[in-house]
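Colleague: Assemble the whole structure, with the sequences as input and the hints as a guide.
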Amino acid sequence: MPAAPKNILLLKSHSAGVGDLLRGSAAWRALLDRYPGTRLHLAFCSQEPHYVSETLIGRHHLLSSFHVRAKWRNTRRNWAEAVRWVTGIIETTRSEMLIDFETNGIRALSLCLLARYRTGSRTVGIAEWPGRGWAYDIASPSRSSYAATEGLTLPLEYSERDFVALAGLGIRRRGTPIEIEETPEAVAFRKAFRSRLGIPEGMPVVGINVGCGTPGADCRRPDGALIEALIVWLQETHGCAVVLTGAPFESTTNQSILQRMVDRPGPPRVDAAGKTSLVELPGLIRACDLFISSDSGPYHIGVGLRVPTVALFNFEFPVAIHRHPWVRCVVCPGLPGLPEIQSAVQALRQSYPWRGTPCAS
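Heads up, the sequence shown is in our numbering, so the first residue is 153 and it goes up one at a time.
Simulated from the structure, these hints should not be mistaken for laboratory data. One thing to keep in mind: the hints can contain errors.
Claimed, not checked - Derived EDC-like pairs: lysine to aspartate or glutamate, alpha-carbon spacing no greater than 20 Å straight-line:
#1 Lys427 to Glu337
#2 Lys343 to Glu333
#3 Lys158 to Asp185
#4 Lys223 to Glu200
Said to hold, decoys possible - Restraint ranges, calculated between C-beta atoms of paired labels, are given here:
#5 Arg475 to Arg412: 29 to 39 Å
#6 Pro307 to Gly486: 33 to 43 Å
#7 Tyr504 to Gln407: 24 to 34 Å
#8 Ala287 to Pro491: 50 to 60 Å
#9 Gly210 to Glu243: 49 to 59 Å
From the three backbone atoms N, C-alpha and C, an ideal C-beta is built for every residue, glycine too.
Modeller: If you want it as structure tokens, here you go:
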């Protein structure tokens with residue numbers, strides 16, 4: 153194994169949501185800390201090819217290249233094309249090391265075996281079950297062994313899972329957070345943020361992502377009455393503007409909340425759903441003094457930007473919880489959870505003072 157590989161290919165296979173992809177960035181950072189100057193290349197076998205998140209992750213500052221292929225049916229032709237795909241990436245990027253982050257994936261395991269045979273690239277993978285480790289040059293322990301060694305419980309938090317593979321290289325997480333940087337488009341949006349949305353200069357801003365408008369995600373959407381009460385409390389107590397974010401198809405949900413408050417005076421309340429592209433969204437989130445979100449992609453972006461973030465969960469879901477000083481996660485399936493959210497907001501504001509001057513109520 154090269155002491156300091158110049159190029160590493162990362163092989164992953166799962167859903168293509170923003171959070172699903174971004175959660176790997178903690179491991180990317182740990183790899184670059186171990187091998188300064190190394191270039192990382194991500195090969196992603198997607199359940200949802202051409203998903204919108206690809207535009208954001210494809211420009212992630214820790215990756216030198218990003219390659220996506222749809223998962224394939226088990227035919228000889230499809231497998232031949234997949235092998236050509238991964239070996240072509242290895243040859244083009246000159247990757248000396250291939251890391252398979254999947255614990256049980258037969259596709260990834262087979263690609264590693266064939267790629268090692270065809271290109272000579274050294275492989276790292278997880279010995280999740282007896283005999284699986286022989287497929288790799290370096291075999292990392294199983295998830296259960298890793299959890300026992302690190303003093304963790306199963307199931308592992310999403311970002312922690314990638315460190316199972318890295319354990320074979322002696323790389324430990326040690327609290328490394330996920331991360332993302334603004335694109336130039338995001339910076340431009342942030343600079344024009346107030347004028348575009350009609351928010352006075354100097355007024356603090358709280359962003360709220362109700363989100364969860366994609367099929368199957370509605371169980372994670374916060375209660376509308378809870379969001380309405382939260383906005384009222386934020387503006388009466390903290391004198392801040394409130395910006396509701398979201399995809400274009402989530403504007404209806406935002407508007408239904410704001411419409412019930414149309415006659416209530418106070419600082420600006422803006423529906424920004426659909427007013428940013430995904431590559432601009434980090435600029436909007438970074439413009440906020442505080443970001444509040446459901447368990448969805450923008451929550452992970454806020455955490456990655458290190459913007460003070462409160463995540464709202466309708467039920468216990470420890471694998472999605474980020475544990476960092478700038479993050480508070482609250483389980484609040486309805487209006488009775490408001491006091492706990494208020495406490496989380498107050499705690500973050502004390503640790504991370506807001507910019508600007510509150511509007512008088």
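Colleague: Looking back at the numbered hints, which does the structure fail to meet, lowest number first?
Modeller: 6 and 9
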